[in-house]
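Chemist: So for the sequence shown, our numbering puts the first residue at -5; every next one is plus one.
Calculated directly from the structure, the hints in this document are not laboratory data.
Given the structure is predicted, the values throughout are model-derived calculations rather than measurements.
Any given hint could be a false lead.
[To be verified] Using 27 Å as the maximum straight-line C-alpha spacing, the simulated DSS-like pairs for lysine-lysine come out as follows:
| no. | residue 1 | residue 2 |
| --- | --- | --- |
| 1 | 116 | 130 |
| 2 | 130 | 84 |
| 3 | 84 | 116 |
| 4 | 88 | 130 |
[To be verified] Using C-beta positions, here's what the derived DEER-type ranges look like:
| no. | residue 1 | residue 2 | range |
| --- | --- | --- | --- |
| 5 | 187 | 76 | 29 to 37 Å |
| 6 | 349 | 119 | 18 to 26 Å |
| 7 | 71 | 352 | 34 to 42 Å |
| 8 | 375 | 210 | 26 to 34 Å |
| 9 | 265 | 87 | 56 to 64 Å |
| 10 | 272 | 205 | 47 to 55 Å |
| 11 | 142 | 356 | 33 to 41 Å |
| 12 | 200 | 71 | 22 to 30 Å |
| 13 | 356 | 11 | 39 to 47 Å |
| 14 | 120 | 265 | 48 to 56 Å |
| 15 | 377 | 114 | 55 to 63 Å |
| 16 | 31 | 142 | 22 to 30 Å |
Note that CB positions come from ideal geometry on N, CA and C, so glycine has one too.
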Amino acid sequence: GWEVSDIIRLERMSVNIVDFDEDTEVQQYDVIYIWSTAQSILELLHSPSVTFMALDAGWEYQHDQENRELVEVVLDGLCPLVGQSLVSTKLTEKIYAANCIAVRPRSMQHFSKPQAQAEEVKEFLYSLRHASPGHKLEVGDNLLLDTPRNFFQQYESSAHFASLRLLQIREHEEEDDGDENSAFERKRKMVTSGALLLGMIALVASSTVPLLVASLLATFGLVFTGCLPQQSAFNAIKIRTILTIVGAFGIGKAMGKTGVAKVVATLLCEWLIRFGSKGMFVAIFAATVSLGVVFHATAVVILMFPICVEMCAATSPPIPRHQAVAVLMIGAGCQMLSPVSYQTNLMVYASGHYRFEDFPRVGIGMVLVIGIITISLVDSLVI
């Protein structure tokens, strides 16, 4: 729940009550702004003594309506709300038929109780309530939205939001789903999915079929058995990720054909030839990790592979190609220096209330340890 210490602002008959403490008695029709958690808000929703007001509309939120649901979202780069002032925009209602119940800006993701009285929070509330200058919504901001039913399903894989979390499931939804949500049905799907996963691993491990074919067979099996709805399978396809990978293929091939990879490899060899094979491994690992701060691991591997091939051929004696590729693959897996490196990084960044600098603060040490171990042992373990 929440306490008086969580109150950021208290308004009584349109008058701001500046001095309030634990002994202050909250009266009927008081308007309060609180710094709280999503779980506490869910508890308040079922309280008969509290009525929620939409931040961007000002009307009462009727949480008992059967055709509405409460969803927590994290804004992504393609969301039309980014760059808009919450109190002045009507896009929330126009585009999503939704209204904002609560907001937590990206810069305050690390805030926790009892910091509700922090001056930074009060300044944010002032900017939130005034259209000018007003707080402009940014990528990574958390919003708690009152949305139409099935909003979660519709936007679960949308590029508008980095992540969504359904906070309230209606009783009638459980009744409508019926047997699908029964314990037997869930157990059947769990067993079937596990069997398909083990089958895919067995096919690949035994070299019966390539990984791509095995993955497609497992996907078709999930759809055919009802474990994965067909629409959800299509929604899981990220067009931006596909275009990035396809574009990286073209860039990687161009770097090989035009000689760019050879020039880069030659320069790296000239700089690090005095260190022998270890110097080459350091160059491969450092370049791969640096590119991984921005690019997806698959794109990094595609970009770096022709350079690795050229570097191995340019040294005398030549460095075993499989050792360079091993360093490349391990370096590509070290995508822990920024929240935008990988989709799961961004999900943790939003839900865990982290700051951008938290990732390099923790990740640099881990990357250095992994790099030192990899470069030290690759020539003895990868033979």
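Chemist: None of the hints should be skipped; say for each whether it holds.
Modeler: Taking the hints in turn, this is what the structure says about them:
1. Taking the CA atoms of residue 116 and residue 130, the gap is about 16 Å. The hint holds against a cut of 27 Å.
2. A threshold of 27 Å between alpha carbons decides the hint, and for residue 130 with residue 84 the separation of about 14 Å falls inside it, so the pair holds.
3. For a cut-off of 27 Å, the pair hint linking residue 84 to residue 116 stands: about 24 Å separates their Cα positions.
4. This hinted pair checks out: residue 88 and residue 130 have alpha carbons roughly 18 Å apart, not beyond 27 Å.
5. About 36 Å separates the C-beta atoms of residue 187 and residue 76, a value consistent with the hinted range of 29 to 37 Å.
6. At roughly 20 Å, the beta-carbon separation of residue 349 and residue 119 lies within the given 18 to 26 Å, and the hint holds.
7. Between residue 71 and residue 352 the Cβ separation comes to about 20 Å, which falls outside the hinted range of 34 to 42 Å.
8. Distance hint for residue 375 and residue 210: a CB-CB separation of about 33 Å, consistent with the stated range 26 to 34 Å.
9. For the pair residue 265 and residue 87, the beta carbons lie near 58 Å from each other, so the given range of 56 to 64 Å is met.
10. The given range of 47 to 55 Å is broken by residue 272 and residue 205, whose C-beta atoms sit roughly 32 Å from each other.
11. For the hinted restraint 33 to 41 Å between residue 142 and residue 356, the CB-CB distance of approximately 39 Å keeps it satisfied.
12. Distance hint for residue 200 and residue 71: a CB-CB separation of about 42 Å, inconsistent with the stated range 22 to 30 Å.
13. Range check, residue 356 to residue 11: about 42 Å between beta-carbon atoms, so the 39 to 47 Å window is met.
14. For the hinted restraint 48 to 56 Å between residue 120 and residue 265, the CB-CB distance of approximately 53 Å keeps it satisfied.
15. One distance hint, 55 to 63 Å for the beta-carbon pair residue 377 and residue 114, holds here, with the actual separation near 56 Å.
16. Under the hint 22 to 30 Å, the C-beta atoms of residue 31 and residue 142, about 24 Å apart, fit the expected range.
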